[in-house]
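Chains as they are written, first to last, in this note's numbering: chain G, 457 to 620; chain W, 4 to 161; chain F, 297 to 692.
Just so you know, not all the hints are guaranteed correct.
Stated by the list, open to error - Once the Cα atoms are required to be at most 20 Å apart in a straight line, the calculated EDC-like pairs of lysine to aspartate or glutamate come out as:
1) 542/G - 138/W
2) 83/W - 554/F
3) 83/W - 560/F
4) 408/F - 27/W
I should point out that these hints are in silico values taken from the structure, not numbers from a laboratory.
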Amino acid sequence: MALLHQRFENDNVFVVPFDKFLNWARLSSIWQMQFGLACCAIEMMAASASNFDIMRFGVIPRATPRQVDVMFVAGTVTIKMASRIKRLYDQMPEPRYVISMGSCANCGGPYWEHGYHVLKGVDRVIPVDVYVPGCPPRPEALLEGIIKLQDKIRKDSYLRKPAK
Amino acid sequence: MTAQDIHDKLKAAFGDAVQEAKLDAMQPWIRIAPNRTAEVCAWLHDQPEMKLDYLMCLSGMDYNNGKLGVVYHLSSIEHKHKIVLKTECPKDDPHVLTVSGVWGTANWHEREAYDMYGIIFDGHPDLRRLLMPDDWDGHPLRKDYKVQEFYHGMKVPY
Amino acid sequence: MIEAKTLPTNYVTKPGAIKSSSGKTLRTEEMIVNMGPQHPSTHGVLRLEIIIDGEIINDVIPHIGYLHRCFEKHAEHMTNYQQVIPYADRMDYCSAITNEWAFALAAERMLKIEVPERVEYIRVIMAELQRIASHLIAVGTYGIDAGAFTPFLYCFIDREKILDLFEMTCGARLLYNYVWIGGLSHDLPPKFVEQTKEFCTYFRPRIKMINDLLTYNEIFVKRTANVGVLPKDVAINYAASGPMLRGSGINWDLRRDDPYSVYDKLEWEPQIGKGEVGAVGDCWDRHIVRMREMEQSLNIIEQALAKLPEGNVQAALPKRIRPDKDAEVYVRTETPRGELGFYVVSDGTASPFRVKARGPAFVNLSVLPEISRGAMLADLVLIAGSVDIVLGEVDR
Numbered sequence: 457m458a459l460l461h462q463r464f465e466n467d468n469v470f471v472v473p474f475d476k477f478l479n480w481a482r483l484s485s486i487w488q489m490q491f492g493l494a495c496c497a498i499e500m501m502a503a504s505a506s507n508f509d510i511m512r513f514g515v516i517p518r519a520t521p522r523q524v525d526v527m528f529v530a531g532t533v534t535i536k537m538a539s540r541i542k543r544l545y546d547q548m549p550e551p552r553y554v555i556s557m558g559s560c561a562n563c564g565g566p567y568w569e570h571g572y573h574v575l576k577g578v579d580r581v582i583p584v585d586v587y588v589p590g591c592p593p594r595p596e597a598l599l600e601g602i603i604k605l606q607d608k609i610r611k612d613s614y615l616r617k618p619a620k
Numbered sequence: 004m005t006a007q008d009i010h011d012k013l014k015a016a017f018g019d020a021v022q023e024a025k026l027d028a029m030q031p032w033i034r035i036a037p038n039r040t041a042e043v044c045a046w047l048h049d050q051p052e053m054k055l056d057y058l059m060c061l062s063g064m065d066y067n068n069g070k071l072g073v074v075y076h077l078s079s080i081e082h083k084h085k086i087v088l089k090t091e092c093p094k095d096d097p098h099v100l101t102v103s104g105v106w107g108t109a110n111w112h113e114r115e116a117y118d119m120y121g122i123i124f125d126g127h128p129d130l131r132r133l134l135m136p137d138d139w140d141g142h143p144l145r146k147d148y149k150v151q152e153f154y155h156g157m158k159v160p161y
Numbered sequence: 297m298i299e300a301k302t303l304p305t306n307y308v309t310k311p312g313a314i315k316s317s318s319g320k321t322l323r324t325e326e327m328i329v330n331m332g333p334q335h336p337s338t339h340g341v342l343r344l345e346i347i348i349d350g351e352i353i354n355d356v357i358p359h360i361g362y363l364h365r366c367f368e369k370h371a372e373h374m375t376n377y378q379q380v381i382p383y384a385d386r387m388d389y390c391s392a393i394t395n396e397w398a399f400a401l402a403a404e405r406m407l408k409i410e411v412p413e414r415v416e417y418i419r420v421i422m423a424e425l426q427r428i429a430s431h432l433i434a435v436g437t438y439g440i441d442a443g444a445f446t447p448f449l450y451c452f453i454d455r456e457k458i459l460d461l462f463e464m465t466c467g468a469r470l471l472y473n474y475v476w477i478g479g480l481s482h483d484l485p486p487k488f489v490e491q492t493k494e495f496c497t498y499f500r501p502r503i504k505m506i507n508d509l510l511t512y513n514e515i516f517v518k519r520t521a522n523v524g525v526l527p528k529d530v531a532i533n534y535a536a537s538g539p540m541l542r543g544s545g546i547n548w549d550l551r552r553d554d555p556y557s558v559y560d561k562l563e564w565e566p567q568i569g570k571g572e573v574g575a576v577g578d579c580w581d582r583h584i585v586r587m588r589e590m591e592q593s594l595n596i597i598e599q600a601l602a603k604l605p606e607g608n609v610q611a612a613l614p615k616r617i618r619p620d621k622d623a624e625v626y627v628r629t630e631t632p633r634g635e636l637g638f639y640v641v642s643d644g645t646a647s648p649f650r651v652k653a654r655g656p657a658f659v660n661l662s663v664l665p666e667i668s669r670g671a672m673l674a675d676l677v678l679i680a681g682s683v684d685i686v687l688g689e690v691d692r
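Only chain G is shown next, with the shape it has when bound in the complex:
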């Protein structure tokens, strides 16, 4: 309600472009898939606990990929796991986003040199929208990642560009 608090002048009516309204609704309730892989999962759990409270951003953890908007890839992606991640990403309904959390998901992390079983970055199998650096990133860094994703959703448009 902070967006609308004391903003009305005369009547309780305001006019807004439809896609701005839709974007506002979508970014205020980004549902995430519980998908912690490694150490970053513990920081993700700490972010959803009381001290950092990710739910105040509207982010609710759901267990199934069919009901989520965003997948936090938190932790190291191994080669054995990569095909399962691709399958889970394919099962998410559009519009879907991916936040890559931690160095391992961004680029392979500390295992980049001799990790024969580590996929050097989850963007080798799925497209990523926001990268959150850190090893592990603090819960506040994850919250900033969500805010950046919210900024990205705010700029989304449903109208096709006019034909040239």
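With chain G held as given, fit chains W and F onto it using these hints.
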């Protein structure tokens, strides 16, 4: 029981299966033949004065001189003594008799040694890869291992 | 789409037959259900292939390796023993200090270094704080497995206070790189002793609160009593350790039975499962062992704070870490999950020749098929949760 006692009793019971020993090392070890591991370990497990019933760790080794090996760290909950056993086998024909009949925990440890080094444990009930995907090429922890370039379309090295 | 191939185990489902109430014979068959790598209750990327006959489990086949991060290969290629410590951190990420300590102990034994007494006491304090933090994660997520969401939130509030203490000392919340070979990276900051004492007085009544919320709750007791019973001989044969072993009634704690550091100068008791609400060695026993260990850790911390001597924590840091050519050692320590062992072999150079990490969760997980046969499908979640696995340690 000290390591010297264990070594003497083992030598008395098994003779030439006991190949070498270094009893003055920080953690004394005894080397046994790779095709007699199950008998020796079962004897050490069942003897009441040894009672080495806790297999702490089973590690594969690549000695970088054409030999692979397995190192067993045993301990006893009752007597609180420990001993290290080792075996060696040639790299081009690595066969070691399994001890998974003596200790149930050896099952997964031996699967991991097979996965990482390629040591074949004769008599193992389920010798498959444990950590790597089933269609991976090569045995990663060997000293001469070269990582493959692509796996199912994904680039493996950085 | 990329398809990885995992060969199925050579399992052939067994057909069966049951008589229905109308006298006809119904043909039944076992079903193979996959509790896949992505699952809210598997505590990480673990795949369980469950063979069930109706609701009764006939067999469970765990598939691991989804988090295999090549720790042993990295350890062989590091240019220095000290560089292995951050990788050891990331193995059991819920209790990083104990991992670092185990590896540092192995290197110190090979180099025959004596660390100052202040270092020993600080390591004990940090390890016991870490034990409480790790058990809080275990208990909180175990509550979620059983369906109770509130204990998770309460446990994490208390855990944040411990992480504040760690952050004050070494700057990191989860993966510290604090215990170095021969000493520590930082000394304790000025307010640490006072704040830790405050934490101990704050936390003691919270254990009772979590017990009232979760442990003695009738629903939780009914779900965990007599479930997943681990008999004594199976536990020793499968080399279970930590709360898995002690929950089955075996009085074995490495801090007392294979002592290291200054644990023999402090007074505390290993906690054992006694079968108070069900059989000895069921899931409830393992849970109560963890709860009581948190209390014992508070006792250890308070005693260690009282006995903390002065000194320089970086006095014994070696300039060059180069053990003898044939030095090899196996060192085991008691982490919150059990016996973590490092088998380190040196070849005389500055980097290790072989480092084998024996993770307690790896060995404890291999008992899972033995203790879940005959249980119901809904019990499997609680049995797997009571093993308290951390996949980083299982897969290394």
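Do the hints match the structure? See the list:
1. Distance restraint check for residue 542/G and residue 138/W: the Cα-Cα separation of roughly 19 Å lies within the 20 Å cut-off, and the hinted pair is therefore satisfied.
2. Between the alpha carbons of residue 83/W and residue 554/F the distance comes to roughly 8 Å, so the proposed pair stays at or under 20 Å and holds.
3. The straight-line distance between the Cα atoms of residue 83/W and residue 560/F is roughly 16 Å, inside the 20 Å bound, and the hint therefore holds.
4. With a C-alpha separation of about 16 Å, the suggested pairing of residue 408/F with residue 27/W holds against the 20 Å cut-off.
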